[in-house]
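Counting along the sequence shown from 1, when you hit position 166 you're at 166 in the UniProt record's numbering, and nothing is skipped either side.
No lab work stands behind these hints, which were simulated from the structure alone. In this text the structure is predicted, and so the values were computed from the model without any measurement. Note that beta-carbon positions come from the ideal geometry of N, C-alpha and C, so glycine has one too. Honestly, I wouldn't trust all of these hints.
What the hints assert, rightly or not - So the derived label-pair ranges between C-beta atoms look like this:
1) 165 - 69: 15 to 21 Å
2) 63 - 191: 46 to 52 Å
3) 229 - 69: 40 to 46 Å
4) 132 - 64: 29 to 35 Å
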Amino acid sequence: MIAHPFYMKSRQAGDTGTRTSIFRNNMQNRGDSAVTDDRVVDDGLPRSCRFCTTRTGLCRTLNRSQLRHMTETAVRRRMESGCELTSVNAGEHFALIHSGIVRLSKLLRDGRQQIVALRSNPDMIGQPYFYEAELSFRAVTDVEICLVPRMVMENLIEENRALERFLYCRALEEINEARDLLLALGRKSSRERVATFILHIAGLAKAYPLHSGELELPLSRSEIADFLGLTLETVSRQFSAFKREGILEITNARRLVVLDAKRLHMAAST
Numbered sequence: 001m002i003a004h005p006f007y008m009k010s011r012q013a014g015d016t017g018t019r020t021s022i023f024r025n026n027m028q029n030r031g032d033s034a035v036t037d038d039r040v041v042d043d044g045l046p047r048s049c050r051f052c053t054t055r056t057g058l059c060r061t062l063n064r065s066q067l068r069h070m071t072e073t074a075v076r077r078r079m080e081s082g083c084e085l086t087s088v089n090a091g092e093h094f095a096l097i098h099s100g101i102v103r104l105s106k107l108l109r110d111g112r113q114q115i116v117a118l119r120s121n122p123d124m125i126g127q128p129y130f131y132e133a134e135l136s137f138r139a140v141t142d143v144e145i146c147l148v149p150r151m152v153m154e155n156l157i158e159e160n161r162a163l164e165r166f167l168y169c170r171a172l173e174e175i176n177e178a179r180d181l182l183l184a185l186g187r188k189s190s191r192e193r194v195a196t197f198i199l200h201i202a203g204l205a206k207a208y209p210l211h212s213g214e215l216e217l218p219l220s221r222s223e224i225a226d227f228l229g230l231t232l233e234t235v236s237r238q239f240s241a242f243k244r245e246g247i248l249e250i251t252n253a254r255r256l257v258v259l260d261a262k263r264l265h266m267a268a269s270t
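Just need the whole structure built from these sequences, with the hints factored in.
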């Protein structure tokens with residue numbers, strides 16, 4: 001793999017153990033649990049890894065030895081909605097999402113920000129060989145993640161072609177998602193944008209389904225407006241219109257039920 005010109009130069013190989021040890025001690029001092037603290041089963045992996053849903057994503061590309069090495073350096077964390085993924089923001093670690101949704105935002109010099117993407121299980125948060133200081137990550141629901149030191153993940157990418165291919169394909173998917181967002185912002189009406197957003201959340205919700213077909217919106221109305229390039233009033237009007245037309249049942253400001261998926265797809269022009 002060719003290093004990106006903005007690649008944050010790796011630390012010398014000799015300090016891997018020291019830095020990993022410091023990382024694990026700091027995290028555990030804050031009350032976080034190391035993955036290897038879990039009960040180990042016969043195959044040498046922590047029980048939490050053996051039954052983890054993230055193994056349907058990135059971790060499925062790792063052989064048993066590589067997976068064990070990653071679990072020895074990773075720390076599992078539970079974070080409440082609204083918490084910043086500080087170490088990921090600083091470019092020090094990658095986060096593998098087990099549950100919940102993380103918001104990616106692009107920051108401007110004057111403090112304004114634009115929500116550019118939402119990520120859920122089994123996505124990885126962070127960019128190998130590249131660090132963008134203006135990109136920030138925040139939990140918008142309660143989340144559970146595994147934090148993996150940047151150097152460990154990048155070394156795994158170097159030695160595992162299947163992992164490299166997986167991340168390459170995922171990057172292409174994210175480019176397609178960005179194109180879809182550009183299409184929505186550039187050509188779709190406000191009604192189409194809101195309908196498209198609801199369908200997008202329905203797709204993310206497969207990672208944390210609620211009873212009775214309910215969806216929990218990870219963003220407030222004002223955040224949805226920011227994400228879609230609309231005003232708060234316009235977003236509220238569209239939700240009210242979908243409710244009035246029998247397409248949605250709105251339980252409260254954050255929860256809804258899709259009553260007519262076919263008409264919602266038609267409203268989104270999909």
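Now for the hints, and whether the structure bears them out:
no.	hint	result
1	165 - 69: 15 to 21 Å	holds (20 Å)
2	63 - 191: 46 to 52 Å	holds (49 Å)
3	229 - 69: 40 to 46 Å	holds (43 Å)
4	132 - 64: 29 to 35 Å	holds (33 Å)
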